[in-house]
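Colleague: Here the protein sequences come in this chain order: A and B.
For the record, in the first sequence the residue sitting at position 79 is 209 according to this note's numbering, with numbers rising by one throughout.
For the record, in the second sequence the residue sitting at position 76 is 78 according to this note's numbering, with numbers rising by one throughout.
Treat the hints as calculated values from the structure; they're not laboratory data.
It should be emphasised that the depicted structure is a prediction, and the values quoted were computed from it without experimental measurement.
Fair warning: there could be bad hints in the mix.
[Stated by the list, open to error] Below, a list of computed lysine-lysine pairs in the DSSO-like style, where the Cα atoms sit at most 27 Å apart:
#1 Lys378(A) / Lys358(A)
#2 Lys14(B) / Lys316(A)
#3 Lys93(B) / Lys14(B)
#4 Lys92(B) / Lys52(B)
#5 Lys92(B) / Lys316(A)
#6 Lys52(B) / Lys84(B)
#7 Lys358(A) / Lys92(B)
#8 Lys92(B) / Lys14(B)
#9 Lys93(B) / Lys316(A)
#10 Lys358(A) / Lys93(B)
#11 Lys378(A) / Lys52(B)
[Said to hold, decoys possible] Some but not every residue of chain B turned toward chain A, in silico, with C-beta under 7 Å:
#12 Arg19
#13 Gly20
#14 Ala28
#15 Gln29
#16 Leu35
#17 Pro37
#18 Ile40
#19 Thr55
[As the list claims (entries may be wrong)] Listed next, with one range per pair, are the computed distances between beta-carbon atoms:
#20 Thr55(B) / Asp310(A): 56 to 62 Å
#21 Ser394(A) / Lys92(B): 36 to 42 Å
#22 Gly272(A) / Glu91(B): 36 to 42 Å
#23 Thr55(B) / Pro493(A): 41 to 47 Å
#24 Gly434(A) / Glu27(B): 22 to 28 Å
#25 Tyr496(A) / Glu91(B): 40 to 46 Å
#26 Thr55(B) / Ala183(A): 29 to 35 Å
#27 Gly272(A) / Gly30(B): 46 to 52 Å
#28 Thr55(B) / Met499(A): 14 to 20 Å
#29 Arg433(A) / Gly31(B): 44 to 50 Å
#30 Arg347(A) / Asp65(B): 54 to 60 Å
#31 Ser263(A) / Asp65(B): 54 to 60 Å
#32 Phe437(A) / Pro74(B): 51 to 57 Å
#33 Gly30(B) / Asp212(A): 48 to 54 Å
Idealized CB from N, CA, C, for every residue including glycine.
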Amino acid sequence: MTAERPVGVTASETTLHAPLGLLAELTHRCPLGCPYCSNPLALEPRDDELDAATWSRVFQEAAAFGVLHVHLSGGEPGVRRDLVDIAAHAREAGLYTNLITSGVGITTRTMRDLWEAGLDHVQVSIQDADAVSADRIAGYRGAFQRKHALAVEAVRLGLPLTINLVVHRANIERIGAMVDLALGLKASRIEIAHVQYYGWALKNRAALMPTADQVSRAVAEVEELRRKHHGRIVIDAVVPDYHARFPKPCVGGWGRRSLNVTPSGRVLPCHAAESIPGLEFWNVREHSLADIWTNSPAFNAFRGTDFLPEPCATCERRELDFGGCRCQAFLVTGDARATDPVCHLSPHHARIAELAAVQEDKPYDYRRM
Amino acid sequence: MDAVVPIADDAKPRLPRGVRLTHSEAQGGFVLLAPERIFKADAIAAEILKRCTGEATFAAIVDDLATTFNAPRERISADVSKLLLGLAEKKLLEL
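Isolated chain B (complex conformation) (with noise of 0.2 Å):
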């Protein structure tokens, strides 16, 4: 990815309706549901999409996400936006 519209600070991204992250211990993690699609989130994705409720700035995740695991924020906010951004892109997240 090259040039890329960055995600406002302000942003407060949500999975929408009819988009589900949950954990299924026979598929071993976390699965996000949509319309005839299922993907695996690995550990990382799913600590990122419980904070996407809509509710919580992009800043404000990643703040957290930094604090939480002890980890440099530009590193954060890069690896944050790539998953929603692609996820966005597959209609499965509202920025």
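Just chain A, same shape as in the assembly (with noise of 0.2 Å):
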């Protein structure tokens, strides 16, 4: 080795092409109930799944134009008999592997299956530090114990675990002991995502919502926990949309950088796409992914940014966050083509605080098929 210039790893965003990552939505089944799930209201029944043989040929389409992470999803990925074929269908793919489950309907004996199928990483979402609250925000008792049992499990094979706390108002008091959880159970990687109001939260707003004195304490609280367990684990966190100043690059841009496949083979540029009116979706069952993913219209509907209004057009921020979320422009001004309401620019930004104001205690709307 001979060359001067300096050998490398650098972090790839702006020099890889896209798409980067697939969400693969095994099924719409799941046991649990969880009020903010980011599945669809309109939830695809069972006789509509694709079988694992398409999802072998759909991952073998996606590494060829570049794919490199899956994301074995759902629903309840664990409820499909085939899982372990798929996450060695998507091994076989040459995809890096991650599991997403909610812990219930997975056995020691399927962990053990999909680790020797080379599964590379898991990732378990905690509703509270404490069990009845986290069982009746999760719609299903005994959840608490079985994510507690699967991510052990995980570890114990070897597997790197991502523990995801899902914040709102009923637990976003308990971050540090939902933090500290995590820490017990050796997750190398937590995600503290505060509630996104789509589909399922969206009917649960008011019951989720938290006050803005809350979210603020929650966002030194986090702060201070980053600083605190620097080099011990990865924290990765956002600030809650309703309480931002500037949006969030809602999926890193619209057909930019990751696409989702729902269980009977839609193919949406993010899992609330299908709430904007207009769009034509593509399926895999018709189309190949490379296809879809230059040239369905849906995929092409908000690609780049030039379509964007001002205050946008001319913003400096405008390759940074893509204007957000166009689903959230939609559902809050009417239009997705306007620049999200959340970037405290926009002429609807006051209808956000009027939301964000909204807090009522009343029972969750339990997702259910």
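Bring the two chains, given one by one in their own frames, into a single complex with the hints.
Modeller: Written out as structure tokens, the structure reads:
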């Protein structure tokens, strides 16, 4: 090696070609009923599900045009009897495989089979630090204990573990305790995910919405926890949308970095995209994944930043946040092209503050098929 | 980097479970994949990382690279150290 240039491994985002991640929703069946589930209200029935052979083809196509990570998810992927086969197919295609599971529906035996099939990573969510509250939020008695057992087993096998903490009014004051729980499980990563209001979470918004005071305390607490645990565990966190100044770069830009395949094979730019009227989605049963990514009307609807109105059109952040979330813009302003009203520069920003001020103590409308 | 703890000759560097080096035709080269993170690995980094199997010692890896690329051992040792220490700090490698 006589090269003068430095030997390198460099962070990728700007130099790799899109897309990078595939969310494979293997099923919408799930034993839990979390009131903020990111699946759409119109859950897809079991008899529409793609079979393992089709997923195998999808994974091969994905790898061929540059996808590197696949997230095996759902619903609850563990309800698929052919989950291990599907994971093996993903591995055969050369994809990095992440299992996103509720912990309920995956036995110790299946976990071991997945490990042997080459699974790279596991992600489990925790609803609260307290079992009673956690099970109430999940709408499933025993969920807390099952998640704990699965996490322990994954780590025992040597799999890296991410714990996902979905934060909202019912648990926002126990972030510290939830982080301690994740540390106790020997997670290598924690995602602190404040609820985002689409689909089921939108239905339950008033029951989930934290107060502004709770949010500002939580943001400070998370910063302190990140400092305290730096070097020991990675804590990824984002300020909740409705209390932010600028919008999130939703899915890394529409049709830019990732794609979702639903259980029936529909391909979406993001999990909430079906909430925008007038979009035409294509299905892997009829088109190749590359064709869908490049040519489907839904993927092209909001690609790039040229369609954005002011204030985005001349904003220096245009290529950082892409004007925020299209689905949120549609849900709150009625116009999917508008600046995401989460942005303080949006003419509709006051509406976000109005919505953020509504808290109701009422029972959850649990996610059910 | 000033004073750095050198890597022991008998250390056996390896990618931990959950971190994979793979070649992607579509991405035009080697990539290092980790949970929610992706890194591009240039051709030389890839040659080094391919040898980090948890069985070869640091000294043996350096020897192998020096022979394969017909380059001075001290230079290789410095390059490899720098790469591996950087990755270990990001928890992408175990020494």
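Colleague: Take the hints in turn and mark each one as holding or not.
Modeller: Hint by hint, here is what the structure shows:
1. Lys378(A) / Lys358(A): holds (26 Å)
2. Lys14(B) / Lys316(A): holds (24 Å)
3. Lys93(B) / Lys14(B): Given pair Lys93(B), Lys14(B) holds - Cα atoms ~15 Å apart, limit 27 Å.
4. Lys92(B) / Lys52(B): holds (18 Å)
5. Lys92(B) / Lys316(A): holds (17 Å)
6. Lys52(B) / Lys84(B): holds (16 Å)
7. Lys358(A) / Lys92(B): holds (17 Å)
8. Lys92(B) / Lys14(B): Holds. Lys92(B) to Lys14(B) sits at ~17 Å (cutoff 27 Å).
9. Lys93(B) / Lys316(A): Satisfied, since the Cα-Cα distance of roughly 14 Å is no more than 27 Å.
10. Lys358(A) / Lys93(B): Roughly 17 Å separates the two Cα atoms, so the pair holds.
11. Lys378(A) / Lys52(B): Since the Cα atoms of Lys378(A) and Lys52(B) sit roughly 37 Å apart, the hinted pair is violated (cutoff 27 Å).
12. Arg19: Interface hint status for Arg19(B): holds (5 Å vs cutoff 7 Å).
13. Gly20: holds (3 Å)
14. Ala28: holds (3 Å)
15. Gln29: Since the shortest Cβ distance to chain A is 5 Å, the answer is holds.
16. Leu35: holds (4 Å)
17. Pro37: Pro37(B) check passes; min Cβ-Cβ to chain A is 5 Å, inside 7 Å.
18. Ile40: holds (5 Å)
19. Thr55: violated (16 Å)
20. Thr55(B) / Asp310(A): 56 to 62 Å: violated (36 Å)
21. Ser394(A) / Lys92(B): 36 to 42 Å: holds (39 Å)
22. Gly272(A) / Glu91(B): 36 to 42 Å: holds (40 Å)
23. Thr55(B) / Pro493(A): 41 to 47 Å: Roughly 55 Å apart at Cβ, these two residues miss the hinted range, so it is violated.
24. Gly434(A) / Glu27(B): 22 to 28 Å: At roughly 26 Å between Cβ atoms, Glu27(B) and Gly434(A) fall inside 22 to 28 Å, so the hint holds.
25. Tyr496(A) / Glu91(B): 40 to 46 Å: This hint holds: roughly 44 Å between Cβ atoms.
26. Thr55(B) / Ala183(A): 29 to 35 Å: holds (34 Å)
27. Gly272(A) / Gly30(B): 46 to 52 Å: holds (48 Å)
28. Thr55(B) / Met499(A): 14 to 20 Å: About 47 Å separates the Cβ atoms of Thr55(B) and Met499(A), which means 14 to 20 Å is violated.
29. Arg433(A) / Gly31(B): 44 to 50 Å: This hint is violated: roughly 25 Å between Cβ atoms.
30. Arg347(A) / Asp65(B): 54 to 60 Å: Holds - the Cβ-Cβ distance for Arg347(A) and Asp65(B), about 56 Å, lies within 54 to 60 Å.
31. Ser263(A) / Asp65(B): 54 to 60 Å: holds (58 Å)
32. Phe437(A) / Pro74(B): 51 to 57 Å: holds (55 Å)
33. Gly30(B) / Asp212(A): 48 to 54 Å: At 33 Å between Cβs, range violated.
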